[in-house]
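Engineer: Sequence:
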Amino acid sequence: MNRLFAVLTCILLLSNVARAQRLEWTLLLKTSGAPWEKKFEVSLDHTGALSVIENDAGQIPASTSKLALSLSPSDTQAVYEQVLKAFREFQLTKDTEVRDGTDLTMSLTVKKRTLTMQVFNFGQAEEDLPEVAKVFALLNKHIPKDHHIY
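First residue of the sequence shown? That's 2 in this note's numbering, and the numbers climb one at a time after it.
Derived from the structure by calculation, the hints contain no laboratory data. Since this is a predicted model, take the numbers as computed values, not measurements. Note that the Cβ used here is the ideal one computed from N, Cα and C, for glycine as well. Be careful, since some hints might not be right.
[Unchecked claim] Under the rule of at most 20 angstroms between Cα atoms (straight-line distance), these lysine to aspartate or glutamate pairs were calculated in the EDC-like manner:
#  : residue 1 : residue 2
1  : K135      : D76
2  : K31       : E42
3  : K112      : E82
4  : K86       : E55
5  : K86       : D76
6  : K112      : E38
7  : K40       : E82
8  : K135      : D57
9  : K142      : D76
10 : K112      : E25
11 : K146      : E25
[Unchecked claim] Have a look at the derived ranges for each label pair, beta carbon to beta carbon:
#  : residue 1 : residue 2 : range
12 : E38       : K67       : 15 to 25 angstroms
13 : P74       : W37       : 32 to 42 angstroms
14 : D57       : F121      : 15 to 25 angstroms
Please construct the entire structure, taking both the sequences and the accompanying hints into account.
Structural biologist: Here is the structure:
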């Protein structure tokens, strides 16, 4: 009886792992601001492959840096869950002030379906888009300080 229980437990665990592995997703995140400020293009997928392209037009000559990192499965899952929360809780109130600030495009593709969020000329992400700011924070934990995305 114990062997049967152990075998059934293993089968259930393996099927849950297989289901989790089938969920393929890709996050694309682009931010930009004033012409002299940095622009970022970030991608992360379900495997934990993180790519960051930073364009710095404020330097003479303008520079581009690229980072490729690998996140742990738990860190990858944390980003995915925070992105879902950012989409669920996204709202701009009527009294939101348009500011000369950052533009943001965030897209999440899961099973060939894409959710996209575009926000233009907002101020600080921590104030105007707190759930997106948490996505930035989760990603920035793995990125060198001088290349943090915003």
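Engineer: Evaluate each hint against the coordinates.
Structural biologist: Each hint tested on the structure:
| no. | hint | verdict |
| --- | --- | --- |
| 1 | K135 <-> D76 | holds (13 angstroms) |
| 2 | K31 <-> E42 | holds (5 angstroms) |
| 3 | K112 <-> E82 | holds (16 angstroms) |
| 4 | K86 <-> E55 | violated (25 angstroms) |
| 5 | K86 <-> D76 | holds (15 angstroms) |
| 6 | K112 <-> E38 | violated (34 angstroms) |
| 7 | K40 <-> E82 | violated (24 angstroms) |
| 8 | K135 <-> D57 | violated (23 angstroms) |
| 9 | K142 <-> D76 | holds (10 angstroms) |
| 10 | K112 <-> E25 | holds (7 angstroms) |
| 11 | K146 <-> E25 | violated (29 angstroms) |
| 12 | E38 <-> K67: 15 to 25 angstroms | holds (18 angstroms) |
| 13 | P74 <-> W37: 32 to 42 angstroms | holds (38 angstroms) |
| 14 | D57 <-> F121: 15 to 25 angstroms | holds (21 angstroms) |
This entry does not satisfy hints 4, 6, 7, 8, 11, going by the numbered hints stated previously.
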